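Heads up, the final residue of the sequence shown is numbered 132 in UniProt numbering, and it's a clean run with no missing numbers.
Derived by calculation from the structure, the hints in this document are not laboratory data.
All values derive from a computational prediction rather than experimental measurement.
Ideal Cβ positions, reconstructed from N, Cα and C, are used throughout, including at glycine.
Please note that a few of the clues may not be correct.
To be verified - Computed beta-carbon distance windows for the label pairs: (1) 63 to 125: 20 to 30 Å; (2) 131 to 24: 31 to 41 Å; (3) 48 to 114: 19 to 29 Å; (4) 104 to 59: 32 to 42 Å; (5) 9 to 124: 23 to 33 Å.
To be verified - List of simulated lysine-lysine pairs, BS3-like, C-alpha gap at most 25 Å: (6) 108 to 131; (7) 3 to 131; (8) 3 to 32.
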Amino acid sequence: MTKIPEFLDLGEQAYEDTYEQMRSLIKAQSFKDQVWLLEHPSVFTLGTAADPSNVLNPGDIPVIQTDRGGEVTFHGPGQLVIYFLLDIKSKKIGPKTMVANLQLIIQKVLRHYSIESSFIEGAPGVYVENKK
1 MTKIPEFLDL GEQAYEDTYE QMRSLIKAQS FKDQVWLLEH PSVFTLGTAA
51 DPSNVLNPGD IPVIQTDRGG EVTFHGPGQL VIYFLLDIKS KKIGPKTMVA
101 NLQLIIQKVL RHYSIESSFI EGAPGVYVEN KK
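Using the sequences provided together with the hints, build the complete structure.
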């Protein structure tokens with residue numbers, strides 16, 4: 001039987017607090033599958049592949065190094081951020097399969113709203129008019 005994750009609407013949360021909370025839960029290995037819906041105050045996050053010089057003029061916006069994959073990401077007020085805290089090992093899927101499944105779900109939602117989207121090989125993400 002498939003367990004349905006708990007969905008939590010957390011409102012606005014500082015990126016640093018959210019990041020630490022996730023790390024604590026994962027380290028403790030004592031959490032139920034959850035999906036967090038929230039937004040962050042303006043922040044740039046740098047993934048492990050990011051070049052900090054790509055953040056051209058952050059002004060007063062914090063720039064935070066993380067241990068996630070990828071490049072530079074901007075989060076800001078009004079932007080919905082969804083974090084999946086799922087035990088994918090017990091579901092016998094890896095991170096790449098998880099990302100591919102999420103991309104398919106996003107594409108189906110966009111199609112429902114008559115928005116055409118595509119994937120680009122070697123560049124994870126969902127693209128509309130060749131923009132991520």
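Hint check:
1. 63 to 125: 20 to 30 Å: holds (21 Å)
2. 131 to 24: 31 to 41 Å: 35 Å Cβ-Cβ, so the 31 to 41 Å window holds.
3. 48 to 114: 19 to 29 Å: Because 36 Å falls outside the window, the suggested range is violated.
4. 104 to 59: 32 to 42 Å: Distance hint for residue 104, residue 59 holds at roughly 37 Å.
5. 9 to 124: 23 to 33 Å: holds (26 Å)
6. 108 to 131: Answer holds: residue 108 to residue 131 is near 17 Å, not above 25 Å.
7. 3 to 131: It is violated: about 34 Å lies between the C-alpha atoms, which goes past 25 Å.
8. 3 to 32: holds (9 Å)
Hints 3, 7, counting from the list given before, are not met by this structure.
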